[in-house]
Amino acid sequence: MKCFSRYLPYIFRPPSSLLSSSCHTEADIISTVEFNSTGELLATGDKGGRVVVFQREQESKNQPHRRGEYNVYSTFQSHEPEFDYLKSLEIEEKINKIRWLPQQNAAYFLLSTNDKTVKLWKISERDKRPEGYNLKDEEGRIRDPTTITSLRVPVLRPMDLMVEATPRRIFSNAHTYHINSISVNSDYETYISTDDLRINLWNLEITNRSFNIVDIKPANMEELTEVITAAEFHPNQCNTFVYSSSKGSIRLCDMRTSALCDNHSKLFEEPEDPSNRSFFSEIISSISDVKFSHSGRYLMTRDYLTVKVWDINMESKPLETYQVHDYLRSKLCSLYENDCIFDKFECVWNGTDSVLMTGSYNNFFRMFDRNTKRDVTLEASRENSKPRAILKPRKVCVGGKRRKDEISVDSLDFSKKILHTAWHPNENIIAVAATNNLYIFQDKVN
Amino acid sequence: MVAKGQKRKLHGEDEGGGSAWESQLQSVLDISMDKFHRDQALVEPCLLRSVLINNTLRQVQSEVRAQVESLSAVNIPTKLKPEPDFPQLSPPAEHNAPLFSANAENTEDEFMAWTSEEDFSLSSAISAILKDLDTVIDAGQGPCASQRAPLSSLENLTQYPLRTERTSDIASSIKTEVMSPGCPQDGALDKFLLDIDASVFEPEVNLLQGFSVTADDLVKYLPSLSKSPSASSSSSLVSHSQATWEIQELEHVMDILMRTYPQS
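In order, the protein sequence lines correspond to chains A and B. The numbering used here puts the first residue of the first sequence at 1, with every later residue one more than the last. The numbering used here puts the first residue of the second sequence at 1, with every later residue one more than the last.
Keep in mind that the hints are not guaranteed to be accurate.
Unchecked claim - Distance ranges between label pairs, derived from CB positions: (1) B:38 to A:176: 14 to 24 Å; (2) B:41 to A:176: 14 to 24 Å; (3) A:129 to B:41: 51 to 61 Å; (4) A:398 to B:38: 51 to 61 Å; (5) B:42 to A:398: 34 to 44 Å; (6) B:41 to A:173: 26 to 36 Å.
For the record, the hints were derived by calculation from the structure and aren't laboratory data. This structure is a prediction, so every number in the text was calculated from the model and none was measured. Just so it is clear, CB atoms sit at the ideal spot from N, CA and C, and this is done for glycine as well.
Bound-form chain A, shown alone (with noise of 0.2 Å):
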C-alpha cells in the first residue's frame, strides 16, 4: 500500500450512492460495521435487529470508474426481541457485534450477537435451481401419483441469483449480563463472548456448552466497582486475548496458564494524570473499545476523549496517546448530564497498522497517522459529499476567533455522534456509520 500520508488530507471521497434508509426510525440506527477478511463483503447491524450485508463490486473493463462500489448483496433479520419470562425482561433484538469468519468455502459466515445470544449465519449464493420434478410439478404442486407415467431426473438450470442467510447455530443462555463483544480465535474453531462480568469461550460447533474462563463478579454485588467493557483475541497467538475494563485498565490473559483466566498475564495501566483529575476522571477513562493491531504487536484503546496505542511488551504506559476531542474536557459536566459521557465509541486500525480511525460528535471521524503524526477531522454528511467530491478537513475552535469553515465548541451537535467505523483490511477504504446512514469513502486513486 502506498504511503498514507501523500493523500492526506484529500484521500477520501463518497462513491456515487450513498447507502442510507429513507425514513430515518429508531429500528434503523446503525449499531454495528465489520469488513470480513477480504474485504470483500461489509456488514452492518442496526437496531432492529437486521443484518445487511454489501459486497463489492467486481472490476469491470466496461465502467472501470464503478470499481470499489458496495451494493446490497444480502438483508435479513437476525434478532428478534424475546421476552425474558423469569425477569419480566424485554431482551433487545438490537445488533452489538457483527464478526465474520474467515471463509472456508463458497458461503460466508458471520457471528452476530445481541444483549443475550450469539448467532451464527451462512451466507451463500444460489444461481442454479433443480428443475423436473416427477412428484412436484414446476408450480411446486404434488402431482396426482396415478397421472405418472415416466421418470426424469431433474436438472440443474440456471436462475437468478439469490442470496440466502440461514442461522446455523444459535448460543443462548449463556450470558446474565449484556453481550458487549465477541471475537473469533485464530484457531477458527473457537471464539469468545464477553458481558459486564464474564467471558465466556465457545467452539464454533457446540452451542449446548460453553466454558467461562474469565468471571470478574463479585461475590456481594454491593461491592461491584468495575465491569468489563471489551475483549478480544489476539490476531495469531489462539491461547492470548485481552479484555478492557470501565476503569481504564487492560489485561491480557494467557490461556495456558490456567483454566479460569480470572488472574492476568499482564496489566495495562496508566496512572492518573494528577493535574486532570475531576469527578469525571474515572468515567471517562472507561474503556469503550480494545482492538489488537493487525501485527498483533501492539493494542489500541479508546475512552471518551483519548485513543492510546500500547506496545504489549510495555504495561507501565501506551506508546502514544492521541487526543480526539480535548475541547470537551471542559465541558464534562454537562455531557456527564445528557448522558453523551457514557457513549461508547469504537476505533479501528487501517490494514498496515499505521493510521487510526475513531468517531467524534457532529459526525465528525479523526484519523491518526501514526508514522507522520499528522491527524485530520472529516466529516460524514450528505451535504459534504457530493459523489467524487473530496472531503474537506473539518476543524472545531475552542476559544477566541472563529476562522471561517471552522466550527465552534458549542454548536457541536451531540446527537450526531459517529460511533462505529471500519476500515477496509488492505486498501483504503472505510465505512463510517452516522446514525442510520452508512458512509463509505475511498481514496482517489483508483
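Please arrange chain B on chain A, whose structure you already have, making use of the hints.
Positioned in the frame of chain A, the structure of chain B alone reads:
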C-alpha cells in the same frame, strides 16, 4: 453562592475557585442522584452506567468528607456553642487535595478564608450529617437483586431523606436531596423550612444560591475548573449574632429531621 457571604475580604481575589468547586460538587451530586433514581425506575439498568454513576457518587461523598475533615482539622470546637471561641487560623492539616488540584492552592486558601468562627459549628453539623449518611449507606445491606444489586446500598438513602437546611451555608452546599418521590412529609417540611427562610434572613446574605440552577446554567460553571471569576462574590462578613442564630436554627432543623425521619 455557598460561602459568598462569609468570605473574608483579605482573600477576596481568589474567591471564585472555591465557589466553582462547590457548585460543581453540588451539580455532580444532583445529576448523579437524578440518574441514580431514574435507573432505579428502569426494569434493567445498564450495569456499566450504574457502576460509573455509583462510583461518581462515592467519589463526591469522599470528596465532601475530605473537605469537612479539613475544615474540622482547622476548626477546634466540635460541639455547638452559642459563643464560639476565635481560635487562631492555622494552616489546614494535610489532607487530600481537592479534586480540582489545578486550583488546589486557591481552594485551600478559600477554606482558610471560610474557617471563620461562624463556620466551626456549621462544619461540625455537616460532619454529623455525613456520619448519618455513612451509617445509612453502611447499613444498606439489602439483598442483591439481579443487576440492581450494586446500588442497593444507596437505595436506602431514599428512606432517609437527608435534607440539609438552607439556613446554613456549608450545610446547604452539600445538600443531599434524596427524597422519596411522592413523600408527603417532605412537602410539609419544605413549607416549614421555606417559612423559616422567608421570615428570618436578611436579604444581603445570599444563602439560597444555585439550588434551582438549570442545566444551561450549569454549563456556565463548567469551563472554569481553574480560577474563574465567581458570578457574584460578595464578601460581606456575616455578623456574629447572625451566626449564632444560624447555629441554633440548624440545631432546631436537625432535631426536626431526626424526629421526622428516624434512622431505621
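Here is what the structure says about each hint:
Under the hint 14 to 24 Å, the C-beta atoms of residue 38 of chain B and residue 176 of chain A, about 23 Å apart, fit the expected range. With their beta carbons about 21 Å apart, residue 41 of chain B and residue 176 of chain A fall inside the hinted range of 14 to 24 Å. Between residue 129 of chain A and residue 41 of chain B the Cβ separation comes to about 55 Å, which falls inside the hinted range of 51 to 61 Å. A C-beta distance of roughly 32 Å is found between residue 398 of chain A and residue 38 of chain B, which places it outside the suggested range of 51 to 61 Å.
Judged by the Cβ atoms, the range 34 to 44 Å given for residue 42 of chain B and residue 398 of chain A holds: they are separated by roughly 36 Å. In this structure the supplied range 26 to 36 Å holds for residue 41 of chain B paired with residue 173 of chain A, their Cβ-Cβ distance being about 28 Å.
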